[in-house]
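Keeping the supplied structure of chain A fixed, place chain B with the ligands upon it in accordance with the hints.
Note that the protein sequences, when read in sequence, are chains A and B. Its first residue numbered 1, the first sequence is counted upward by one per residue in my numbering. Its first residue numbered 1, the second sequence is counted upward by one per residue in my numbering.
What follows is a set of in silico ranges between Cβ atoms, one per label pair, in the way DEER data are often shown:
1. A:98 to B:65: 34 to 40 angstroms
2. A:105 to B:789: 29 to 35 angstroms
3. A:105 to B:4: 42 to 48 angstroms
4. B:4 to A:111: 42 to 48 angstroms
5. A:105 to B:759: 57 to 63 angstroms
6. A:98 to B:436: 40 to 46 angstroms
7. A:93 to B:787: 44 to 50 angstroms
Partial list, derived from the structure: chain A residues whose beta carbon lies under 7 angstroms from chain B:
8. 24
9. 62
10. 66
Cross-link-like lysine-lysine pairs, in silico, PhoX-like; alpha carbons within 20 angstroms at most:
11. A:56 to B:451
12. A:52 to B:564
13. B:593 to B:619
14. B:451 to B:24
15. B:454 to A:56
16. B:789 to B:668
17. B:613 to B:564
18. A:30 to B:801
19. B:613 to A:56
20. B:613 to A:30
21. B:454 to B:439
22. B:564 to A:56
23. A:52 to B:613
FYI, nobody ran anything at the bench for these hints, they're computed from the structure. Quick reminder that beta carbons are idealized off the backbone N, C-alpha and C, glycines included.
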Amino acid sequence: MNAPETMIMNEWVKVGAIDDIPPLGARVVKSAHGDIAVFRNADDEVFALLDKCPHKGGPLSQGIVFGRHVACPLHNWSIGLADGEAVAPDVGCVRQFAVKVEGAQVFVKIN
Amino acid sequence: MKKMKLVMVGNGMAGVRTLEEIIKISPDLYDITVFGAEPHANYNRILLSPVLAGEMTLKDIMLNDVDWYEANGIRLHLDKQIARIDRIARKVVAADGTEESYDRLLLATGSNPFVLPIPGKDLPGVITYRDIKDTNAMIDAAGKYRHAVVIGGGLLGLEAANGLKLRGMDVTVVHLAEWLMERQLDKTAADMLKKSLENKGLRFLLQKQTTAILANESGRVGSVSFSDGAQIPADLVVMAVGIKPNDDLARAAGIHCTRGVVVSDTMQTYDPRIYAVGECVNHRGVAYGLVAPLFEMGKVAANHLAHLGIGRYEGSVTSTKLKVTGVDLFSAGNFQGAADTEEIVLHDAIGGVYKKIVLKDDRIVGSVMVGDTGDGAWYFQMLREKQNVAEIRDHLMFGQSHLGNTGHQGQSNAAQMADTMEVCGCNGVCKGVIVKAIKEKGLFTLDDVRKHTKASSSCGSCTGLVEQILASTVGGAYAPQLNKNKPMCGCTDHTHEEARKVIREQHLLSIPAVMHFMEWRTPNGCASCRPAINYYLLSTWPHEALDDPQSRFINERAHANIQKDGTFSVVPRMFGGVTTAADLRRIADVVDKYQIPTVKVTGGQRIDLLGVKKADLPKVWADLAMPSGHAYAKALRTVKTCVGSEWCRFGVQDSTQMGIDLERAFAKMYAPHKVKLAVSGCPRNCAESGIKDVGVIGVDSGWEIYVAGNGGIKTEVAQFLCKVKTADEVLEYAGAFLQVYREEARYLDRTVHWVARVGLEYVKQRVLEDTAGRKALYARLLYALQDEKDPWQARAQGVAKHEFEALTV
Ligand code: SRM
Ligand SMILES: Cc1cc2nc3c(=O)[nH]c(=O)nc-3n(C[C@H](O)[C@H](O)[C@H](O)COP(=O)(O)OP(=O)(O)OC[C@H]3O[C@@H](n4cnc5c(N)ncnc54)[C@H](O)[C@@H]3O)c2cc1C
Ligand code: SF4
Ligand code: FES
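This is chain A alone, in the form it adopts within the complex (with noise of 0.2 angstroms):
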């Protein structure tokens, strides 16, 4: 693969179909900020966290997906998948990137 990061600045990514994604699943894309936690929710809405939990930097992405959260696979910090705030009383916020789902494609905005 050819250096990612030239490209994609600044664009809206695509990523791929949305069907890739298992519903209450997750997918990783690697990216020149790290690698991206791409989330598909049982009312296929996607949205997309870095994939380091704001705890000790879990694999977001290998966590159980419900409602609009995802638990930490590590030591089970709930996150908020649409705005990355852990759940009280944790604290801690994790990055989030855009996501917007076009016909059957998902494209994710890294900047």
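This is chain B with the ligands only, laid out in the frame that chain A set:
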């Protein structure tokens, strides 16, 4: 839709807790208005005593401040007393004329202190003990005067007396009965309590009836006189002789009241639009005076107000703890005993320890303890759950620490711990941090403490200690969680057992079907209920229910164990711990080819390859060509063996082959939690069969089978199940035992937890006595395992490819 109007009268602990519950489950249903007679938002009334004692400030004990009401869109009228309810116009009217109409009305007016009808009761300086105003009056008096007389030697009276003493007053407690707290303590306990309070400088006058309170020359209280003619000086008189439910409003509105507003099991009064909770109610003839029952009421009331229509309040058993620092006292249930009860008593008058447990038909019905109350919460839980204690009766008196369940450094008594001592070894939480969180954040339950401090939220071995800390910090307000009807999680009020039952009876085959049928509150559950339901479906309907990988923890979805850096570990199966040169050579080649950083021999007699990248997993498995060891799964893990009769000079049975046979038969067996077996070739027991879920020990005449051992967080020795003659019988009995466990235990129960709950007798009845039942169980296990594919080989061939590959951009 226009919101319905909910009005609450009485802004105290029970009412606000009910509102919190409503907001949690149905935030948009009601437009809420609250009237409170006090000028403060909701505070923790039970912590008034520490405030009086100077251990806390008013600010510390606020539970919900004004901002909370605002953030939740609740209209709050402070300092406004409701004067009447107009049931026809469906509105309430306050003393100052403010009106508010309602669709539903919630009465939570608490109770009023009882005032003795004696001359002088209205003099300045005579007060009761109920709210912030009273507490401030006492603090104020303590700064100016010398003699305090507390009338009433119950819980409140003693806490008031202790506080006033600490603030420098000379305090006399006057009590009518023969001993203190006669409704919670027997005479022995009360005498010990009296002695320890006397050591703190309090004075007591027992069996004294107060006849009058007399004024001094300036018109303020000056002395108290008794029926025997005696008289003592008093600059402050606190009456703490009892409470009566505050049902005036309801009574005046024509709602049926006896001693309190009469409510049904759904917390409705005789007017179904009007609910009542807290100390103002009378439920099945009982008016409660402690917080724990009020919270249970609040939960039920909220549930019905939110139109969910599940849950009934069926009454509570309460316990008492005195919140006087340095005095340890606990009482619950029928502590006096009766003709048909037995007592276990430990009394060490010099050491200041007294413990009494009252038993009826092998169940605890009451308990009273002074000096060492560490196990109060534990006894109380068994009392409420009506647990049969026949099997642990010998150890009962020595407490839970005797059965394990201690803090990280092995402490078993919270009271003796310094604030800086570590309670939770997994998360590094000290006692002081827990106490602080309980007080400042107003926590009442174990779950609350887990959420806010993380203590006891990982391995759980310090749970007993955390419960003690809770109990001693919040007093009788703490109700140990009832195991029996504990809901699965916040998504539902149903228990694990109910979910299993519905899945079986309704023949449900998918998670959405279960959630729909059982009216889950959340659209697709959470990370705690979904894996449980997925397991219940698969274990109830093997080959029928469809597995949902998204409802499995990552380890079971990726079939490898996630590590802290996001890489995975791979542990191939080595049946019975026996390997070959060819297998070892292949493992070595894989390690080289994929540059696996660590190779380790595990505690389970096999080899762990640590630090494998997720994308490499399918290739590693293909190259290994060995079956999955399920080291990552709630499933059969290892079967440890010793060399046995084939080589060992002591061996009497071929334990290695027995272990291999067991592992081959039960590999791929999913279970509520991980399952570990061991087989030793003689009673020297080199494979440690005594601490396994199923441990087998070869003896000259056959095999002994032990069950429900655990070598982990709390080491538990396995219990003897039976002795059999042949290897086939070992398979059948072990298999039947595991199958009952698979079919009936709660998800995440190890065998030891499950057997502790149902009793070994039950297991014996299912596996030993019922021969046909045993054979059927074993057949069901074999049926479930039949044709189960090896997950690694399937993935090496391309199953669930998306799980292991990143998306490319
Ligand atoms: C690898 C191993 C340590 C080692 O290097 O030897 C190990 C490693 C882990 N153990 Fe263990 N345990 C290992 C043998 C044991 C043993 C000894 C045994 O099996 O004879 C015990 C005590 C026996 C028992 O379970 O009764 C043991 C009691 C635990 C416990 C506490 C279980 C309990 O019920 O008290 C946990 C926590 C849990 O399961 O919730 C745990 C959890 C873990 C986890 C899975 C923690 C986690 O969730 O990530 C570790 C995974 C590391 C990895 O990726 O491989 N491990 N663990 C051992 C693997 C054995 C195997 O071949 O499969
Ligand atoms: C000093 C002290 C120590 C205690 N210690 C413990 C303990 O250790 N453990 C334990 O479990 N329990 C303890 N309790 C008891 C516990 O505080 C009560 O059980 C609990 O507060 C009752 O809750 P409630 O909501 O029913 O009543 P309250 O909390 O009393 O709330 C009722 C509220 O309604 C208001 N009100 C009444 N009538 C009207 C009206 N007409 N209009 C508007 N507002 C009205 C009152 O002013 C009051 O604020 C203690 C109580 C006290 C006073
Ligand atoms: S391997 Fe077991 S004992 Fe060691 S750190 Fe992990 S869980 Fe703890
Ligand atoms: S790293 Fe996510 S919860 Fe700890």
